[in-house]
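*Asks:* The residues making up each chain are set out below.
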Amino acid sequence: MQDTRFNSRALLGIALRRGGQAGAVALLVGTLSFFMMRWLPGDFAYRIAAGRYGYDLVSAEAAEAVRRELGLDAPWYTALADWWLQLLRFDLGESLVTGHRIIDEVAHQLGHTLSLAFAAIALSVVIALPLGIAAGLRPRGWADRLGEGAAIALRAFPPFLLGLLLVIAAANLSDAIPAAGHGEAGNLLLPALTLALGLAAASSRVARESVARVVASDYYAFALTKGLSPRLALWRHGVRNAALPVIAYLGVQLAFVIEGVVILETLFAWPGIGHALVHAVFWRDVPMIQGTCLMLGLCFVLLNAAVDLACLLLDPRRRRGT
Amino acid sequence: MGRSLFMPGRRRWLAAGLASSGLAAWPRWLQAGPSVRALRVVGPWEITGLDPSRAGYLFSRHGVSETLLDIAEDGNPTPALATHWEVSADQRHWRFHLRPQARFHDGSPVTPQAVAAALQFARRKPGGMGLVPLEAIDAGTDVVDVRLAADFAALPAVLAHSSAQILAPASYSTGGSVRRVIGSGPYQLTGIEPPQRFSLARSPHWDGPRPAIAAVDYLAVGRGESRALLAESGQADIVYGLDPASWQRLKRHARLQVHSVPLPRTIYLKLNAGHRWLAELPLRQAISLAIDRAGIAHAILRDPQAAASQLLPPALAQWHDADLPAMGQDIAVARQLLAAAGWQPAADGIRVRQGAKGGERLALTLRTFPDRPELPIIAAAVQEQLRQVGIAVEVLLGNASDVPAAHRQGTLELALGARGYGIYADPMVTLLQDFGPEGGDWGAMNWGNQTVPAALAALQGPLRERDRHALRRTVTRTLHEELPVIPIAWNLLAAAVHPALRGFTLDPLERSYRLERLLWGEA
Numbered sequence: 001m002q003d004t005r006f007n008s009r010a011l012l013g014i015a016l017r018r019g020g021q022a023g024a025v026a027l028l029v030g031t032l033s034f035f036m037m038r039w040l041p042g043d044f045a046y047r048i049a050a051g052r053y054g055y056d057l058v059s060a061e062a063a064e065a066v067r068r069e070l071g072l073d074a075p076w077y078t079a080l081a082d083w084w085l086q087l088l089r090f091d092l093g094e095s096l097v098t099g100h101r102i103i104d105e106v107a108h109q110l111g112h113t114l115s116l117a118f119a120a121i122a123l124s125v126v127i128a129l130p131l132g133i134a135a136g137l138r139p140r141g142w143a144d145r146l147g148e149g150a151a152i153a154l155r156a157f158p159p160f161l162l163g164l165l166l167v168i169a170a171a172n173l174s175d176a177i178p179a180a181g182h183g184e185a186g187n188l189l190l191p192a193l194t195l196a197l198g199l200a201a202a203s204s205r206v207a208r209e210s211v212a213r214v215v216a217s218d219y220y221a222f223a224l225t226k227g228l229s230p231r232l233a234l235w236r237h238g239v240r241n242a243a244l245p246v247i248a249y250l251g252v253q254l255a256f257v258i259e260g261v262v263i264l265e266t267l268f269a270w271p272g273i274g275h276a277l278v279h280a281v282f283w284r285d286v287p288m289i290q291g292t293c294l295m296l297g298l299c300f301v302l303l304n305a306a307v308d309l310a311c312l313l314l315d316p317r318r319r320r321g322t
Numbered sequence: 001m002g003r004s005l006f007m008p009g010r011r012r013w014l015a016a017g018l019a020s021s022g023l024a025a026w027p028r029w030l031q032a033g034p035s036v037r038a039l040r041v042v043g044p045w046e047i048t049g050l051d052p053s054r055a056g057y058l059f060s061r062h063g064v065s066e067t068l069l070d071i072a073e074d075g076n077p078t079p080a081l082a083t084h085w086e087v088s089a090d091q092r093h094w095r096f097h098l099r100p101q102a103r104f105h106d107g108s109p110v111t112p113q114a115v116a117a118a119l120q121f122a123r124r125k126p127g128g129m130g131l132v133p134l135e136a137i138d139a140g141t142d143v144v145d146v147r148l149a150a151d152f153a154a155l156p157a158v159l160a161h162s163s164a165q166i167l168a169p170a171s172y173s174t175g176g177s178v179r180r181v182i183g184s185g186p187y188q189l190t191g192i193e194p195p196q197r198f199s200l201a202r203s204p205h206w207d208g209p210r211p212a213i214a215a216v217d218y219l220a221v222g223r224g225e226s227r228a229l230l231a232e233s234g235q236a237d238i239v240y241g242l243d244p245a246s247w248q249r250l251k252r253h254a255r256l257q258v259h260s261v262p263l264p265r266t267i268y269l270k271l272n273a274g275h276r277w278l279a280e281l282p283l284r285q286a287i288s289l290a291i292d293r294a295g296i297a298h299a300i301l302r303d304p305q306a307a308a309s310q311l312l313p314p315a316l317a318q319w320h321d322a323d324l325p326a327m328g329q330d331i332a333v334a335r336q337l338l339a340a341a342g343w344q345p346a347a348d349g350i351r352v353r354q355g356a357k358g359g360e361r362l363a364l365t366l367r368t369f370p371d372r373p374e375l376p377i378i379a380a381a382v383q384e385q386l387r388q389v390g391i392a393v394e395v396l397l398g399n400a401s402d403v404p405a406a407h408r409q410g411t412l413e414l415a416l417g418a419r420g421y422g423i424y425a426d427p428m429v430t431l432l433q434d435f436g437p438e439g440g441d442w443g444a445m446n447w448g449n450q451t452v453p454a455a456l457a458a459l460q461g462p463l464r465e466r467d468r469h470a471l472r473r474t475v476t477r478t479l480h481e482e483l484p485v486i487p488i489a490w491n492l493l494a495a496a497v498h499p500a501l502r503g504f505t506l507d508p509l510e511r512s513y514r515l516e517r518l519l520w521g522e523a
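Residue numbers (my numbering), protein chains in the order written: chain A, 1 to 322; chain F, 1 to 523.
Watch out, some of these pointers could steer you wrong.
As the list claims (entries may be wrong) - Sample of chain F residues facing chain A (criterion: CB under 10 Å; computed from the structure):
| no. | residue |
| --- | --- |
| 1 | 49 |
| 2 | 371 |
| 3 | 372 |
Stated by the list, open to error - Simulated restraints on C-beta separations:
| no. | chain 1 | residue 1 | chain 2 | residue 2 | range |
| --- | --- | --- | --- | --- | --- |
| 4 | A | 158 | F | 254 | 42 to 50 Å |
| 5 | F | 107 | A | 165 | 24 to 32 Å |
| 6 | A | 165 | F | 254 | 20 to 28 Å |
| 7 | A | 161 | F | 514 | 37 to 45 Å |
| 8 | A | 161 | F | 150 | 51 to 59 Å |
| 9 | A | 165 | F | 299 | 24 to 32 Å |
Don't read these hints as lab results, they were simulated from the structure.
Owing to the predicted nature of the structure, the values given are computational and were not obtained by experimental measurement.
Beta carbons: idealized from backbone N, C-alpha and C, even for Gly.
Extracted from the complex, chain A is given alone in its bound form:
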């Protein structure tokens, strides 16, 4: 058998590189979002008051009370320095609107967001791989052309519109698929499917390219020549080789996932980080924005690290560090 142990140097490399990235991301994302919110027009105290008390009770008195309570007149550099110091203590502060500890809120939301992201990625692999393999085995065949057309159409749809169409279809065609909400089995299906269709559109094409390349390769020809059936040749020599670019491409697509999560969570009333971020922006809830952006940034790093590890697991050449 091959040596299946991870090369410790390769593992350490991933850990150090991604760990360093995580630290830099935390500092950069938090600070950047701080300044972006400061540069936005409009009075902070009024926005926070509108978030807290709703449009019926937001008034100048409420806004001034918020300003006094939160010390919003303090100069920006003290607010930023406070946040940095808090971050050093792994403390994200409290939401200006709800008054809850951000770490608690984000921890709660993170579970929802991750389950949505993982479900979407898994679903996209389930959709993309068979389509990509079918297309790659016979380039320019009908499956390839059909897949290409569908991929272009699905990728061209913004997730928001695709989600809305799926919701309408689900609500009208079937009582069994919940249209929105969470907490009930099945609520995950539509938002995950929306995201997965967009992801699968791209990754099915990557899978197609990669399968086409494998099928055209010398080692694949040799496998067939030595007497393996096409099915067995694909399973033993094709799938793993073809999977690497697909998995690696998932890393590239994470930006699409994060962006999609922010939009779709609002559409489907999914209580994740993206949903919280949209609200926090409306309400100028700066610590909440910093906390959620930081978490999304860290997710990005973490998922990239997971992609690295998956590639390491699949590719024995990398494992041996050669």
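Please arrange chain F on chain A, whose structure you already have, making use of the hints.
*Replies:* Chain F in isolation, oriented as in the chain A frame:
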């Protein structure tokens, strides 16, 4: 062959198992009959905090927390935590007798001390309690005494507002912020996940009749389309806050019950009456005459009844004056008024006139916000209707708080908003905030009128009903003629309800969902 497709047997079984378990788990709630599961309520309102001044209305609507008084649909106070009350002749001293069996959800009795403490906490936060000219709140044995330093006739309405709800002493931290919502109503909180969700169960400490519905789940869903689809797909039992288009569509739904009730809420143009042009009454009248209220009501709100003929809707029977001439569109008169004021159309149709500083173009900004989804659409309609008489309007779509902020800065010209005159059961509280001597963030701006503030002040004192009526008429008529704000439409509260739910009614004051009256029947 043991191996079909490209899958070895083990993996194939794994995949099949995953797929089937997913399918079995997913429609599980469909298998349970409606009467054994929790009632699912969906609305647009998010839980922005536990404090009564923030999302307290959600907890009072769901029967979690109570106020000292309740308000009947006719606007009169009715017993809640107080069974009865006495008022001194000068109306400055109110004595409230508490319900003796009332218990908070932690089992502790609702004591006069707890009530007085909760009201004191409410005074320090936004809400009506801050308006009350309070001298003292004293806790006696079984009674709470409220003493006023000045006349304030709207005290019952303020005490009945959700921001003055009474929570158990254990709810508050030492600083007065609310850590847990421990109310005294028929339902108690069993779980809460801000900002979207909470669940309720019948309180064992409730001293009234036992509600038929054992458990309730509330879910906040921000998008109107999503809410309507939840009702349609049967995923929610009661859906509040239907947008006009969805309301129209669901009314044609074969099985759903769709309820609606006029709400004491008015969509209106707030304007800066101190603005160099808007200070002139003819321009305000021309704007009012240019607006096609019937068209907006029909095409945008999908309800012909929604066109406002005056500021306060008929639901506020004490204030609405059916004898006033209805506001309506008359473009010819609007153009005459503008021409008489010296505004002449230029080549692009927008009017100009020679002012003190040379030629002026009749162009105004209009601020609005998307919290109520119909507002930006109505703003676009108003923009076009005003253009037709020669007034250019630039719509600024922003945050709700931009309106009070621009009011305070003095930069506001026009704003389109929706004002709830039933926020407090007595519209006088809102009218005092909006049309007092200084105007208000959501009401008059630089108006300078003395009649309305004087009438509102006089209404605070002890009066005969006939005099009250006359003063209210003065307020309504002056607002109608002087146009410190220009009413456009009245709002509707609409809800879609599961076909098997019995006993559903809508509260036009939006104080309560009356969950304790509901029961499951045959669909």
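*Asks:* Give a verdict on every hint.
*Replies:* Structure-based check of each hint:
The beta carbon of residue 49(F) is positioned within 10 Å of a beta carbon in chain A (closest approach about 5 Å), and the interface hint is therefore held. Given the 10 Å rule on beta carbons, the hint for residue 371(F) holds: about 5 Å separates it from the nearest Cβ of chain A. For residue 372(F), the interface hint holds, the least distance from its beta-carbon to any beta-carbon of chain A being 8 Å, beneath 10 Å. Between residue 158(A) and residue 254(F) the C-beta distance comes to about 33 Å, which lies outside the given range of 42 to 50 Å.
At roughly 51 Å, the beta carbons of residue 107(F) and residue 165(A) sit outside the given window of 24 to 32 Å. For the pair residue 165(A) and residue 254(F), the beta carbons lie near 23 Å from each other, so the given range of 20 to 28 Å is met. Distance hint check: the CB atoms of residue 161(A) and residue 514(F) are about 39 Å apart, consistent with the given range 37 to 45 Å. Taking the beta carbon of each, residue 161(A) and residue 150(F) are about 57 Å apart, inside 51 to 59 Å as hinted.
The given range of 24 to 32 Å is respected by residue 165(A) and residue 299(F), whose C-beta atoms sit roughly 25 Å from each other.
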